[in-house]
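Asks: Read off the chains here:
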Amino acid sequence: MSLTSIAFLAFAAVVLFVYYLTPGKYRWAVLLVASIAFYISFSVVGIILLIVLSLVAYFCALQIEKTQKRQEMWLTEHSDTDKETKKAAKRRFKGVQRRYVILTIVLCIGSLFLLKYYGPFASEINRLFGTRFWTAENLLVPLGISFYSLQIIGYVIDVSRGVATAERNPLKVILYASFFLSIMQGPFNRWNDLMPQIVTEEKKKLEFRQFRLAILRIIWGYIKKMCIADQVGLIASEVFGHYEKYEGLGLLLGIFCFAVQLYADFSGYMEIVNGIGDLLGIKMSENFRQPFFSRNISEFWQKWHISLGAWLKDYVFYPLLKSRWLQRFGKWLTKHFGKGLGRRLPTYIGMLILWTLIGAWHGAGFNYVFSVGLLQFLYIFLGEITAPVSERVKKFLHIKDSNFFWHAFQSIRCTVLMIFAWVFFNSRTFMDAIAMLGRIFAVQGLGFAQLKSQINSVFLSEGTTLTGLWQTWILYVMLCTAVLLLADAIHERGGSVRLWMEKRPYVVRLAFYLALTFTILIFGAYGSQYNSSDFIYFQF
Amino acid sequence: MLKKKYIRGPLKVLSFAVCFAAIFLLLQPVFIPKNESSAVANQFYDFAEENLDVLFLGASQMLSGVNAQKLTEEYGISSHNFGAGVQHPAITLYYLREALKTQTPKTVMVEVCEIFDPIEDLRDAPTGERVAWSYLPMKLTSEKINSYREVTGGNRLQAAEFCLTPLLVYHSRWNSIWVEDVKRLCGGYPDIKRGYIELTRVAPQTLDYIGDEEGEEKAIPPENDDALSAIAATCEENGIALVFFKAPVARWTRAESKVVKAYMAEHGYTYLELNDHLDEIGIDPETDFCNTLHLNASGANKTTDFLANYLKKRS
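Chains as they are written, first to last, in my numbering: chain A, 1258 to 1797; chain B, 689 to 1003.
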């Protein structure tokens, strides 16, 4: 059930209706049934793994909590024992807890590795060494495994950290893992953020204002997905799919279109699910905060796919930095090479691991590990080591951080770096990306005539009586980019079109609603003339 | 106060719905693709000047092969072409029924160039798109939905979407909508008169019909037989004389003609094979064809003269 299908809209409407008809304390059950039904609409077999892993998490979390209670009781009972015995007991109890955390991690990451990474990995080994390892061809990657496996791990770790309490009802853990609004592409919800909103006895009412604002958000999400991502994506798919036919500007246009597509697609999805969440009175994590206004790559990743970065930081990066071996290594470095290196190198090692994991999370190919992993690390690393130089240059040129043009320059630089990385991200292989980048400069002149003829032949159906329509596509791409930038610029300044529109007279609002609706109807990529396309992050 | 609140809400929803419907209906005709077939159908719907003596039905070979305006003005036989680029017998039946809602012609003449085409062939992508042209300009009726569904083999929902909300089907034309679309909407195609499409190009042809080869023997698919029988029954019910005919074209063989003649004789239908009268009509393969499948203006005028005499003799 695609999010852009009529079936999904009908499904969401039914869920909403039943949800508000049900008494507050049973509403979580409505969401559980909806989530299971939604999941089954994609895969019947996949739900089994989801349930098994949820039950493992349920069991482990309970055992961890029991151990914590036993520890507390032991400490109360043995309050007069000496410190060393207490420490040993604590270590023992911690060890038991750690075993349950490790069991959850092994099972979740093991399933994720087996189903998502093992096949490509084994195929590559077979290709390189002529071996005949099983390549897991008959195993399908279950929907959302990259999302729910991490969420489950996060839940168990939170319980072990004492941040969350272990859930007594296994069905609620299944609901947490399978929640239909975040199962496909996130966001990564933390137990403590999501579940208290779902499992509540409070009978929330759907206010008309809340309804109106949520619907507007959903419509904006559909505009981003159907009118921007899917339309602009036609050019991106064509150029990336047949890059060998293009040179110069044609390739640059395709690459630029992919950046627009990726942002509109992913953020459009988030607008839709967050909008539906608003309708249900459930506030989910925001995944985007105007990333293209970032001044550097670190900031970009704090504004792009926020929940993934935050999850990996909290559950991988910080524990790694606090780990005994890295701390010891830091101390050793400080002793032998000084404070600076002793502080920085362990952090860089942690960052390298973090970025490799972010890259690998996206896919098994080296292009993923490189584009949104190692290359990002390199950007940040180079940014940090050159920071003193750029500070000096800034001082010399009397540039202030608040200067608009300086900010614009930094944002454009950051965007160009990300677009460069996405060439690798969206290419079939690493070498394809290299070849594609090489062809940008292979053309004599700008390749404008070639671009024109390609767009004419690819995007204009036969029988079109008018010539020169390729310009419409270029204008459309520019318009889409402008709309996205304008919307982000308003949000960056703390504004909101929805809230602004709310205060306008009814006639203006009516015109606005009609304009949005007809924008989707006319510019949306749906119907027989288009191949319906899934959200890009759906595959991860 | 409470009352106001309860009235205001539904009123707002209603005003949105009304505005939405109005804009939708205004935009829809702009997005519907337009070609000569649209002009032919629109002209027929707008035509109410007189009751027709002869109604011509058929595909493009009829549209460009019979000059209804000449027939009316020079011979006093009030006539009109009511065809489309693709007019399979099943579509012809639908056109006939549609025409009989406003007209009671004395004679109906049906061109049979698509008599051998199985209905499945219409469902392939390029032909399927051409079939859409046959339905797009037609008025919205339940017969239109049913006929479209039958011909395209789609489900009722798809047919209803196509017929009721073509904007949703053709919205992707946003990138090719231009002034031309609006012009055509406001009565474009001034050259088309009484449904006759004049083709001026001259392309010399070698005619299969007078060649040495008999040609491949073909069979009339059962669904076409059903449609032709229904056409005949409809004409009979309405007291209309029915004549099937074949316009002169380069790609029509004697073998095909033989099968059609045998079929018509077997069912007792009147059939006029114009390719048997090429000399009488005065068709010159060097000057009277536009391409292998269509007569040009010169050929159409000669054929029309012949048909006028034929119709006069019949009456």
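Don't take each hint at face value.
Said to hold, decoys possible - Below are the SDA-like pairs computed for lysine to any residue, each with C-alpha atoms no more than 25 Å apart in a straight line: (1) K700(B) - R1696(A); (2) K1760(A) - V706(B); (3) K1502(A) - R1696(A); (4) K1461(A) - Y694(B).
Said to hold, decoys possible - Listed below are several chain B residues computed to face chain A (Cβ distance under 7 Å; list not exhaustive): (5) C707; (6) T853; (7) V857; (8) H859; (9) W862.
Read the hints as simulated data drawn from the structure, not as lab findings.
Think of the CB as a built atom: it goes at the ideal place given N, C-alpha and C, for glycine as much as any other residue.
Asks: If you check each hint against the structure, which ones fail?
Replies: 1, 6
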